[in-house]
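J.: Each chain, letter by letter, is given below.
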Amino acid sequence: GDSVTQMEGPVTLSEEAFLTINCTYTATGYPSLFWYVQYPGEGLQLLLKATKADDKGSNKGFEATYRKETTSFHLEKGSVQVSDSAVYFCALTPRGGSNYKLTFGKGTLLTVNP
Amino acid sequence: NAGVTQTPKFQVLKTGQSMTLQCAQDMNHEYMSWYRQDPGMGLRLIHYSVGAGITDQGEVPNGYNVSRSTTEDFPLRLLSAAPSQTSVYFCASRSSAGESYEQYFGPGTRLTVT
Chain F
1 GDSVTQMEGP
11 VTLSEEAFLT
21 INCTYTATGY
31 PSLFWYVQYP
41 GEGLQLLLKA
51 TKADDKGSNK
61 GFEATYRKET
71 TSFHLEKGSV
81 QVSDSAVYFC
91 ALTPRGGSNY
101 KLTFGKGTLL
111 TVNP
Chain D
1 NAGVTQTPKF
11 QVLKTGQSMT
21 LQCAQDMNHE
31 YMSWYRQDPG
41 MGLRLIHYSV
51 GAGITDQGEV
61 PNGYNVSRST
71 TEDFPLRLLS
81 AAPSQTSVYF
91 CASRSSAGES
101 YEQYFGPGTR
111 LTVT
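First to last, the protein sequences are chains F and D. Numbers 1 to 114, taken from the numbering used here, label the letters of the first sequence in order. Numbers 1 to 114, taken from the numbering used here, label the letters of the second sequence in order.
Since no wrong hints were added, every one of them can be taken at face value.
Examples of chain F residues lying across from chain D (beta carbon under 7 Å, computed):
| id | residue |
| --- | --- |
| 1 | 43 |
| 2 | 93 |
| 3 | 100 |
| 4 | 101 |
| 5 | 106 |
Hint data in this document are derived by calculation from the structure and do not stem from the laboratory. The structure presented is a predicted model; accordingly, all values stated were derived computationally and were not measured. Note that beta-carbon positions come from the ideal geometry of N, C-alpha and C, so glycine has one too.
My request is simple: use the sequences and hints to build the entire structure.
T.: So, in structure tokens, the structure goes:
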């Protein structure tokens, strides 16, 4: 079945550091890929998405590129802020019959210190 | 637009009690889902619905019932609460149109079963 593997962390960085959170997936065909963010005590918000190979999703300074050849969707940000402290989830939705569901990675806790 | 709303925000139950978690959306989305979030497990699909009157099981359906009598509402029922159901529950919805498959999440219900 479909699966998502992401680095589990926790990840602790200083403000203005570079961030990478790795995400790889297993799925048939060309799933849609997502990064969701969960701030403390809140629900999940969509951070960015990509729907086909080589697409780059971007939002709030975060970027991720859909790499079909390596089945990856790594999240990057050039300069993190304290306000980026949150849990980040990589997820996919397959095309076709099971496109009602999201398959999530286990989440990566990011803490950014001033 | 309120988006996806969930009530209650917090709930404590004793083992064996039953209760209903409410979920509503005002975006006229056909697809609705319930997920549970447990530490180190990411989010797992409990039940889903692709339209009024149509529901089906996800990965972890045991101990839960759902129904979908209207497009807007998708309640989750715990039949006889167990400590293993202590979790944070999220409701999500999305449109069946388009190919981005983006899901919108509610703020969550934190349930403790003692």
